[in-house]
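Chains as they are written, first to last, in UniProt numbering: chain V, 1 to 334; chain Y, 1 to 334; chain X, 1 to 334; chain H, 1 to 334.
By construction, these hints were calculated from the structure, which means they are not laboratory data. Heads up, some of the hints might be wrong.
Listed below are the simulated BS3-like cross-link pairs for lysine-lysine, each with C-alpha atoms no more than 30 Å apart in a straight line [what the hints assert, rightly or not]:
id : chain 1 : residue 1 : chain 2 : residue 2
1  : H       : Lys-328   : Y       : Lys-319
2  : X       : Lys-328   : Y       : Lys-245
3  : H       : Lys-4     : X       : Lys-15
4  : H       : Lys-15    : H       : Lys-132
5  : V       : Lys-245   : H       : Lys-4
6  : X       : Lys-132   : Y       : Lys-245
7  : X       : Lys-15    : H       : Lys-15
8  : H       : Lys-245   : Y       : Lys-162
9  : Y       : Lys-4     : V       : Lys-15
10 : V       : Lys-162   : V       : Lys-15
11 : X       : Lys-319   : V       : Lys-319
12 : H       : Lys-319   : Y       : Lys-319
13 : X       : Lys-328   : V       : Lys-319
14 : H       : Lys-15    : H       : Lys-87
15 : H       : Lys-245   : V       : Lys-245
16 : V       : Lys-328   : X       : Lys-328
17 : V       : Lys-245   : X       : Lys-162
18 : H       : Lys-319   : Y       : Lys-328
19 : X       : Lys-319   : X       : Lys-162
20 : V       : Lys-328   : X       : Lys-319
21 : V       : Lys-15    : Y       : Lys-162
22 : V       : Lys-4     : Y       : Lys-15
23 : Y       : Lys-132   : X       : Lys-245
24 : X       : Lys-4     : H       : Lys-245
25 : Y       : Lys-328   : H       : Lys-328
Protein chains: 4
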Amino acid sequence: MTVKFGLLGAGRIGKVHARAIRNNPDAELVAVADAIPAAAQSLAQGYGIAVRSIDEIAASPDIDAVVICTPTDTHADLIEQFTALGKAVFCEKPIDLSVERVRRCLAAVQANGGTLMVGFNRRFDPDFMAVKAAIDQGAIGEVEMVTISSRDPGAPPADYIKRSGGIFRDMTIHDFDMARWLLGEEPETVMATASVLTDPGIADLGDYDSVNVLLRTASGRQAVITNSRRATYGYDQRIEVLGSKGSVAAENQREANIEIANAQGFTRPPLLNFFMTRYTEAYANEIAGFIGAVDNGTATPTTGDDGLRALALADAALKSAQEGRAVKVSEILA
Amino acid sequence: MTVKFGLLGAGRIGKVHARAIRNNPDAELVAVADAIPAAAQSLAQGYGIAVRSIDEIAASPDIDAVVICTPTDTHADLIEQFTALGKAVFCEKPIDLSVERVRRCLAAVQANGGTLMVGFNRRFDPDFMAVKAAIDQGAIGEVEMVTISSRDPGAPPADYIKRSGGIFRDMTIHDFDMARWLLGEEPETVMATASVLTDPGIADLGDYDSVNVLLRTASGRQAVITNSRRATYGYDQRIEVLGSKGSVAAENQREANIEIANAQGFTRPPLLNFFMTRYTEAYANEIAGFIGAVDNGTATPTTGDDGLRALALADAALKSAQEGRAVKVSEILA
Amino acid sequence: MTVKFGLLGAGRIGKVHARAIRNNPDAELVAVADAIPAAAQSLAQGYGIAVRSIDEIAASPDIDAVVICTPTDTHADLIEQFTALGKAVFCEKPIDLSVERVRRCLAAVQANGGTLMVGFNRRFDPDFMAVKAAIDQGAIGEVEMVTISSRDPGAPPADYIKRSGGIFRDMTIHDFDMARWLLGEEPETVMATASVLTDPGIADLGDYDSVNVLLRTASGRQAVITNSRRATYGYDQRIEVLGSKGSVAAENQREANIEIANAQGFTRPPLLNFFMTRYTEAYANEIAGFIGAVDNGTATPTTGDDGLRALALADAALKSAQEGRAVKVSEILA
Amino acid sequence: MTVKFGLLGAGRIGKVHARAIRNNPDAELVAVADAIPAAAQSLAQGYGIAVRSIDEIAASPDIDAVVICTPTDTHADLIEQFTALGKAVFCEKPIDLSVERVRRCLAAVQANGGTLMVGFNRRFDPDFMAVKAAIDQGAIGEVEMVTISSRDPGAPPADYIKRSGGIFRDMTIHDFDMARWLLGEEPETVMATASVLTDPGIADLGDYDSVNVLLRTASGRQAVITNSRRATYGYDQRIEVLGSKGSVAAENQREANIEIANAQGFTRPPLLNFFMTRYTEAYANEIAGFIGAVDNGTATPTTGDDGLRALALADAALKSAQEGRAVKVSEILA
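Put together the whole structure using the sequences plus the hints.
Laid out in structure tokens, this is it:
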């Protein structure tokens, strides 16, 4: 079967998914909607597909599934609208910035018997998948500690930060999902420190640019996440997992695997500088995972609950940084 | 403009080029020919294109260019046939196993004013391109020594070796091209040692599996090429260039950039095991280079002369290994 | 001038210092004392020096300086005794497990105008010195985040843990010192998580084996320390410092810099497995730093205050792990 | 037993051996001789030993063994003189620049029943020993190809080159020994290319600065050696051995194991720049090997024959480069 797609949102990430759908032999991109007609038009022309409104897509019998790439504050409503109509939904994270709203949305999805996948692209990165596979095959024994270093080349625009919910919700949220995935057990308590070191303008927006987070599960497994909104050497994405029998780590990726040696030393190029370049394969694998689940009627590889739990960890981390104490996840999800 | 392609040969490498053409926005794959009807049919269906005979493709006004992926002994004739008709030709190496035949073919192409590119995919590998760019930017000063390690995971089938012209012509030929490209000066003399170490059956075929070659240019620049038909750890493809101010090297590539540590040590996965996987991007860049040249009426990035010179170096190396002496390239190309 | 040494304690670490003193051209090892006569005798014979009692060493006019390698609970008294007599003192960390006792001891040293160096060997490791030099030379701009991974190959004996003050005071204390040294600013608050993952026997002793610590300075600089009492792959000692202009990191060391490649992958040997082997050069440099300071009458490279502050961080971390809150260093040092 | 040493030659390499002997618990340095009295005096004072003439050392009953670090043209005579007197001899390579003279010397040693070790320090480098151990343990199966990259940071003074016998005899000779050791089978034929690329003054001296050599054994095993008298990035010393089951390689060593990352990339320091620093441990192990052999009356780990064979390979390589042909070792040793 071919899964027929409507794309909601023709922006940067919408284009990424459009390409992934187009290159997938089991999927067909049928129509695109965007609040900005020119954006929808341009994408539609490039792919030879139709421009439709969101409601038209909702009403289209030739569309099985939608990918939601619209602004965050529309996600929950769209998820409810489309799952109610029996369309499978892939939604970019986050579902909403409010844990309460997310819970209501997920309840609605469940009531509808709907299919919802929330996008956590990193789980689909080949290197990180190899790390997970090594753990699952027992290569490092029982997982004890997860260490995640995640640094952006530079801060997003002020406008984005204003609406994003802050660093824990727009950036660390990916690492919370990775930590949950790799720990193999839900974090119970969260500790975090946060400061502004790269740009005082970020403090003016009430956000941080430099944070560290500790997670602890019921059995004592721990995760450390370290984030910065600035890394001059590129987009830094590393994970390391220590287990009872050994450790496994994924290295960064760079544009070219070369090294120049001279009297100043041995130099390799900076890292890939942009998340879309770094995670090209991950985005393709992610959509493939969704298509497979829709096609086979099986569970999606990531779920609405994953979206909820990562958001709860972000809320807990923010609270911990602000109040200077360990925050239980149950305080947030109570 | 869109360059419209006919594909001659629907085998393994034909499929690689078909995919690269299909993914290139400036090209269109129109038809395929293959001596085995089922092979042509299968590829044609996958791409929704026509099956035509070679002569039909030659006569097709809707085809601007052909990619020749047929058996080696047909290359020269096809090049002559298609360039005579004004079609641009991309031909897999080698043009022919006989230097004499190659020279006649190239003379015919020249007489036709034809466009001919011979495929040396490695020049289009992003890492090797970065090495070349570093040299061209002066990062290592004047080139002095080139070192190329190139080892296959395993030997090809006996049938292939029988027709390939032997290791120097089927395997080292890529390294000869790389050496010429990186030395920036034509090799003048060749020395080689050769033996059979991995499989006595290869000796029965009159071929070698383990060879080393030294090249020397007029100004004294040198290149070392080391080849084996067996490397248990994967497809080993390294280059290193020493210059007056420093050196530049390209590292191998592996499936996943992870490392597992335990009491036995720190282990990274084996190398990518297959040349088509290792050089996926190179093949796409190669065809893009051909398309750009055809589209703009400019010189192709690699030429028939490159094919001739690499073959002459292969002949000289074989002669050197057999006669135990330095062989001048001019002896071959006299 | 040659600095003449008495060695107090002929155990494992005493032997390390004896060797470093013997190999230092500006020092002379004169006598050794140990509560176990055979231990003192054995070391004295190996070096051709005298066995004396501690009080005899205190009374020896031919001894300028002592190295204290006796059990922790004797350190403070010995420091007071020897500095009162005008002997320069190098003391293994910690001065005492009680912050209060340490403060009284340091007050006595100050009253005596005494010379006291507390051993933090890692500051003298050539790689870590190179990291510090890079920071001091401005290679990474302003320091923002310090990340320290420090894991022991295996847990110490239960007897040691009973008397050591626990993981924060016996193991993390080195990392606290490194963090202070690299942050370039005193930590103000401490957060920590701790658990027992490698051996339930450690819980029975009231200690932890797996801890993570976050430090934060007044200006918002942060450090992360991750510790485990078990690493199957050897003695894991890494640091990484992120700054406004870049980062600098020190890699682990292994017994041999070789790599074996086969069908299972590319394997390098495990890490150096023992802290004395890993830090051989550091111990020699450390004593050389002490000798130079004594010889020139200059400040010692590490001080009693360094010992106090690292201990206070350990106390704060333990309190944080136990109470689930950020602990201010000022609570400990109030 | 303690082996009592006389040192012949107090120059740079003499000092290296003096230190190694001094630090070895099974050896004692008794006296030193040097044609330059001040040199002998200075070394003697540093170690508190006697200055004696060569003949006095020859006549000293309190000296068991000598280390010959005098100019090359005195080596053979001294070896003959001291072995005739029953003293064990460690001689720096080469025994002589003439194969004929070396053979006569070795015959004399044999007639005397003498003990002679020729210094090939690299065999005693811990990393290279680990490579050899891996081979001996079967980690890579049957050895097929050895690749040695050996580059000096800069050329030696013209005066040295005049007397050294040229690059093959003063520099490649170490690599010839390594190749023999690692191949596990004697090379039968030699091919070499040579040129002058770094300094025309070297051509004026009749020498080369850039050479590549191919060795081939009777069974077809091969070795490649690549040398340059200039490497801006430090003292480059790499080996790699390919076998039937895998490969093993030793990496270069640098002063500090750190890496600095910024917008220009990831940079590690240059290599150790000086052979004495790079091979400090190798020199100590080498002398320890000699001492052990003398002490136990067993065979020395390297022999006069090793010196002869490496020299013969150097002669063959030079002849090959000059005559443009494969030279058989038997032509030299006939």
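Hint by hint, here is what the structure shows:
As the CA atoms of Lys-328 of chain H and Lys-319 of chain Y are separated by approximately 18 Å, the hinted pair is consistent with the 30 Å bound. The straight-line distance between the Cα atoms of Lys-328 of chain X and Lys-245 of chain Y is roughly 53 Å, outside the 30 Å bound, and the hint therefore fails. With a C-alpha separation of about 27 Å, the suggested pair Lys-4 of chain H and Lys-15 of chain X falls inside the 30 Å cut-off, and the hint holds. Restraint check: the Cα-Cα separation between Lys-15 of chain H and Lys-132 of chain H comes to about 28 Å, which is no more than 30 Å; the hinted pair holds.
With a CA separation close to 50 Å, the supplied pair Lys-245 of chain V and Lys-4 of chain H exceeds the 30 Å bound. The suggested pairing of Lys-132 of chain X with Lys-245 of chain Y holds, with an alpha-carbon distance near 29 Å, which does not exceed 30 Å. In summary, the hint linking Lys-15 of chain X to Lys-15 of chain H is supported, as the alpha carbons are separated by about 27 Å, within the 30 Å threshold. Only pairs whose Cα atoms come within 30 Å are accepted, and Lys-245 of chain H paired with Lys-162 of chain Y is accepted, the gap being roughly 26 Å.
The suggested pairing of Lys-4 of chain Y with Lys-15 of chain V holds, with an alpha-carbon distance near 27 Å, which does not exceed 30 Å. As the CA atoms of Lys-162 of chain V and Lys-15 of chain V are separated by approximately 24 Å, the hinted pair is consistent with the 30 Å bound. Restraint check for Lys-319 of chain X and Lys-319 of chain V: satisfied, since their Cα atoms lie roughly 20 Å apart, inside the 30 Å limit. For the hint linking Lys-319 of chain H to Lys-319 of chain Y, the alpha-carbon distance of about 20 Å falls within 30 Å, and the restraint holds.
For the given pair, Lys-328 of chain X sits about 18 Å from Lys-319 of chain V by alpha-carbon distance, which is consistent with the 30 Å threshold. Only pairs whose Cα atoms come within 30 Å are accepted, and Lys-15 of chain H paired with Lys-87 of chain H is accepted, the gap being roughly 21 Å. Restraint check: the Cα-Cα separation between Lys-245 of chain H and Lys-245 of chain V comes to about 27 Å, which is no more than 30 Å; the hinted pair holds. The suggested pairing of Lys-328 of chain V with Lys-328 of chain X holds, with an alpha-carbon distance near 21 Å, which does not exceed 30 Å.
For the given pair, Lys-245 of chain V sits about 26 Å from Lys-162 of chain X by alpha-carbon distance, which is consistent with the 30 Å threshold. Under the criterion of a C-alpha separation no larger than 30 Å, the hint pairing Lys-319 of chain H with Lys-328 of chain Y is consistent with the structure, at around 18 Å. Restraint check for Lys-319 of chain X and Lys-162 of chain X: satisfied, since their Cα atoms lie roughly 18 Å apart, inside the 30 Å limit. Under the criterion of a C-alpha separation no larger than 30 Å, the hint pairing Lys-328 of chain V with Lys-319 of chain X is consistent with the structure, at around 18 Å.
Restraint check for Lys-15 of chain V and Lys-162 of chain Y: the C-alpha separation of about 49 Å exceeds 30 Å, so the hint is violated. Distance hint between Lys-4 of chain V and Lys-15 of chain Y is fulfilled; the C-alpha atoms sit about 27 Å from each other, no more than 30 Å. With a CA separation close to 29 Å, the supplied pair Lys-132 of chain Y and Lys-245 of chain X stays within the 30 Å bound. Taking the CA atoms of Lys-4 of chain X and Lys-245 of chain H, the gap is about 57 Å. The hint is violated against a cut of 30 Å.
Straight-line distance between C-alpha atoms of Lys-328 of chain Y and Lys-328 of chain H comes to about 21 Å, which keeps the hinted pair within the 30 Å bound.
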